[in-house]
Every structure is written in C-alpha cells, then in structure tokens.
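Asker: As a plain string of letters, each chain reads:
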Amino acid sequence: MFVKTLYGLLMGLLLSISLVLNINLLVPIDEDARLLMGLLLAFPIWAATITWCYFLEPIKQILKKPLLVLVPSFICNLLLLFLR
Amino acid sequence: MNKQNYSLKAITHAHAWVGLVISSVLFIVFFAGSISLFRDNIIAWERAPHLSTQSSTAALSLDNTVTQITNNYDVNMHHRMFLIFPTAHSNYIDAYYGEHIEGGEEHDIHTVHNQHTGEIVGNGSLFDFSNFIYELHINLKIPGYGKYIVGIVTLFFFVALLTGVVIHWRKIIKNFFQYRTKGKKDSYLDAHNLIGVMGLPFHIMYAFTGLVFNLVLVYQIAYAVVLYQGDQDKLLQAAGYGEVHIEETNTPQAMVGLDDLYQDAQTQLGVEKLGYALIEHFGDESASITFRVDDPNFFATKKEIKYLIKDQSVLYKTLDNYDNQVRSGLQVITNLHFGNFAGYGLRILFFILGIATCYIILSGNLMWIEKRMKQRVKNEFGLHFVKAMTSGVFIGFAFAVAIGFILSRILEPDYLLRTQFIQTAFYAILATAIVTSFFIKQQKRFTCLFLQLTAACFAIVPLLDWIVAHQGILQMVKQGYFDIIIVEMMLLILALLLYLIARYSTPKTQTKTEHAFDEIDSSLSTQ
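If you're matching them up, the sequences are chains A and B in order.
In case it helps, numbering that gives the first Met the number 0 puts the first sequence at residues 0 to 83.
In case it helps, numbering that gives the first Met the number 0 puts the second sequence at residues 0 to 526.
Read the hints as simulated data drawn from the structure, not as lab findings.
Ideal Cβ placement from N, Cα and C applies to all residues, glycine included.
Be aware that one or more of the hints could be misleading.
[Said to hold, decoys possible] Calculated cross-link-like contacts (lysine-lysine; reagent style DSS-like; alpha-carbon spacing at most 30 Å):
| id | chain 1 | residue 1 | chain 2 | residue 2 |
| --- | --- | --- | --- | --- |
| 1 | B | Lys272 | B | Lys316 |
| 2 | A | Lys3 | A | Lys59 |
| 3 | B | Lys373 | B | Lys170 |
| 4 | B | Lys272 | B | Lys477 |
| 5 | B | Lys233 | B | Lys316 |
| 6 | B | Lys301 | B | Lys146 |
| 7 | B | Lys373 | B | Lys173 |
| 8 | B | Lys373 | B | Lys440 |
| 9 | B | Lys173 | B | Lys8 |
| 10 | B | Lys301 | B | Lys233 |
| 11 | B | Lys370 | B | Lys443 |
| 12 | A | Lys64 | B | Lys173 |
| 13 | B | Lys233 | B | Lys146 |
| 14 | B | Lys443 | B | Lys373 |
| 15 | A | Lys3 | B | Lys170 |
| 16 | A | Lys63 | A | Lys3 |
| 17 | A | Lys64 | B | Lys170 |
| 18 | B | Lys8 | A | Lys59 |
| 19 | A | Lys3 | B | Lys373 |
| 20 | B | Lys8 | A | Lys3 |
| 21 | B | Lys8 | A | Lys63 |
| 22 | A | Lys3 | B | Lys146 |
| 23 | B | Lys309 | B | Lys272 |
| 24 | B | Lys370 | B | Lys173 |
| 25 | B | Lys373 | B | Lys8 |
| 26 | A | Lys3 | B | Lys370 |
| 27 | B | Lys8 | B | Lys370 |
[Unchecked claim] Here are some of the chain B residues that sit facing chain A, going by a computed Cβ distance under 10 Å:
| id | residue |
| --- | --- |
| 28 | Ala13 |
| 29 | Leu214 |
| 30 | Gly479 |
With the rest of the complex left out, here is chain A (with noise of 0.2 Å):
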C-alpha cells in the first residue's frame, strides 16, 4: 500500500502539471482564466490519478499504465512549449 501511495502521489502530481500545461497551452483564453482552469483541474486531476493507482493490480500496471499516459502528456508538454 505504501508504494502504490508513494507512486501515485508522484505521478499525480506528475500528470495534474502536465496535463493541466497542455490545456493552458492550447485554449485560446485569457491568461488569468487559464490560471484559474488550471487551478480548478489540477487537484481533482491529483487525487484521481492515486484513486486510480489503488485500482491497479499487479505492481507492474501500476508502475506501466500512469506512465503511458503522462510520457505522450510530456511530449505535448514539449512540444508545445517549442511551438509557443
């Protein structure tokens, strides 16, 4: 239980900022609303990702399944930082 804490902790955070860069980068907003969707997403996007590593069985998935969505995340990241 701990490690699916530890790692779930990390890569909610991990994915809450990237995910939550990716839509302030592509929504044409104002800057301050931007700031404040990201506000309003992150955390939920947080606690969703460790509910979401407690799910996964074995050990394997949980370290696999969250990466699969944060390392494509993390590219967009970057390439929308490259483009910006």
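With chain A held as given, fit chain B onto it using these hints.
Answerer: Then chain B, alone, in the frame of chain A:
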C-alpha cells in the same frame, strides 16, 4: 475472483487504509474547523463581557487610534499594521502590529481600541482561544510545515471520497435509506454511507477548497518554472497579485489624516462600512494605507483602495477583484470554505455537517476495529494502537476543546499568562488522554464515559457564562450583540451530539462475544 471484484476489493482496502492513516489529523481539522465557523462569535464571547462598553455616537476615528498606539508602543516600521473595523460581532477597532523591544527584537501586539476615542480598552492577545482553535484547523498549530501536513491529509481525504464513491456507487440509490441496527458493524457502515452520501457535495467542496489553501504553492512553483521561466513575480502579476509597492525611505512621516482617507475610501468604494485597513511602512515617508471591503451586493467581490499617506494620493483602486479571474475564483473558494455568504442558517448547517464528518471518520475507524477483532488478527498491538488513538485523539481533542472553553470563561481577564495557560492545559489534556487510552483496560467503557464527560463539559460552559459574566452578557445583549447566545447554542448542540453518540454507540448490555473481545483486549493491554 473476476477482475472487477478484484479491483473493488483493492479499492476497498485502499479506502480503509487511507482513512485510517489520515483519521486522527482529519478529525482534528474537521472538529476545529466546525468550531471555527463561529470564530468571530467566539472572540466576542470570550472578551466582550470583560471590556468596557461604548455609548458614544461619535464617528469612528483612525487618527485617535493610531495616536494611542504611537503614544504607548514603539511600532516597528517594517511590520504591517492591520486595523480591523467594528463588525456585527465587535464594537471595537482591533489593531495588530509589531513592537520594537530591547535587543533589536520585536514582538506581535494586538490591542483593542474604543472606535471613537481610540483609547486602548484591552489586550486582544489575552483572548485568543478562538484563534488557537482556528490555527489548529489550518496548520495543527505547527508553524511552517503544519500547513503542508494538513494539505497532504486533505489530498488523501479527497482520495478517500473518490474511493468511497467508487465502492458505494452501485448501491448509492438502493441503500440510501438503509440503516440496520442489529449488527454493530452494519450500523456503523450504514451511518458511514448515509452521512457520506448526503454530505458528499459538502465534503468535495471542503476537500477541494482546503487543497487550494494549503497546497497551491506546488502548482505555483510548477507554473512559474514552466510557463514564466522561473519568474515568480510574472506569475503573481498574471494572477492579479501585482500590487503597487513603494520602497522605504527611512524619512519619518507623521501618521495623520487617516480619518479623511477613511471617509474618502467610503465614497470611492461606495460602501458605508469598510472591513479593514492595512498600513505598510508605518511612520515612514513611504507609508501607505489600504482599505478593503467585501461588496455586500455580490457573492465574492472585493473592493480595495490604496493611498499614499504623505500626500493622500490614490495609488490603486479596484471595485471588481482586481479585474482578475484568479483573484475572483479564489474569493469564491474562500467564501464557500468559510460559509459566510448566507447567514447563520448556512453556518449551522455546515457546523452539523462538519461534526457529522467527524462521525464518519470515527465510524470508519470503528468498522476497521470491529473487522480486525472478528478476524482475531495476530497484530494485537496494531489493533490496540488504533483503538487507543481513536478514543485518545478523537475524544481527547474534543475534551481538550471543552476544557479550553471552560478555562477561557473562568480565568481572570487581566491574567497576563491567560492564553499560554489555556494552550498548555489544552496540550497537556490531549497528551494525557492519549496516554491514558493506551493503558486503559476497558476501552469501550472508557470511551463511553469519556464522551459523556466531554458532553457535560461543553454543556456546563453556558452555565459558567451566566455565573461569571452575567453583567457583561446582559450589557452585550442590550447593545444588540448576541454572540454569547450563539456560542452557547453551538456548545449545547455539540454537547447533545456527543451525548447521543455516547448513548447509542455503546450497547446497554454486552453480548457474550463482545464481552469475550473486551476480555481479550484487556488481557492484551496488560501484557
């Protein structure tokens, strides 16, 4: 076992584990938070009967207040000064500032002033029980890291909510009215589910808003690094926090003309009663004063105006949350969390839901205990530890709060160590309760008696109010301040709820099996 059942079992296990780990801190946060909904009332309850009354109809005077402060204290220029104006709970001006003391150090001062003459009528820091409870709510009274500990616990409270919804989702309608009284574990489970489902919007709101208050720094850093190349100021500017700042000049400046600025702020902001003023660089040529107020016509709109005291020029003015979505959004989140947008009805509802959440936390732990006892687990110490923490921390905390209320009422108002004494007694009682519950043999009986004692202590406070401070109370009521009555009602509701929990949680006669479990538990604790 199919995959769906396997996942459901994993999530149920996670829900129980997360709930158990965060239970003690979460209980403290919710219990203290529920009481803090009446923070301003409790401040008035504690100090107003002891302060001299004001009968004058003269206008509020900031100049008189500041003159009294400078005549009595060596105010630290680098420390901000807050002047909180009279409210529906207080007829006084509360001033918070820093004072230079020998050796180049400074200490915080909180004085209470007559709003007309500015005369110092009391030392506000002597009546600090309400703020103490509030600090326990926001950071467990641990400076620095306490806020983040509460933030992480809040995050896992959010996780517990999500896992709870997943577990209960298929039965959320079917079992909504289910409450079984025969099996003890069943009744805990049904109460846990019932309160959890009914209070779900409330819980989600508190989990989310609590997270924003305590862990926003995490995303602030991430945004600043990625989007603003590490420039924190740029981020704050975009978020509406780019306030005008003037550097200190170290040239002395008399702090006069504040009453004129107060009147001008009333006109410019279009509000008769302002909330508070903030003076920066007190006594310096660069000193500024900012007046802030909530717009009474809107749900979450702040108005603000900032003046340079030297020439009374306006440095900044906003009538709409600095015209910024982040500031507006945070203001909405703040108002939702504090429940200060719909009068006492809403606050009483939030209070009852808050205490009900404490019962959810308690019933979660009790279900875990019952389950482990039936399984006759080998980790007896773990079981005893959870039992002791449940009764020691949960009831011990409530009991310490009750004693805090009693001490706040009976200690002399001019006793200089009043606040320290109450806080020390609070910690000592909590520690004693935890230690005692570790060594007690009959946990169930102890828990029941302790709950009843706590309920009695809360119930006795209104009685003490009228014995110790009846003249002051009557004076307050005559002036139209009903805070004492509100706090007394809150304490009586709390006493009633605790008494009911004590009465219905403990069976009148133990079954043979339960008796056997208690015997096992007693023998374990003696080993």
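Asker: Quick one: which hint numbers does this structure break? Sort them smallest to largest.
Answerer: 12 and 30
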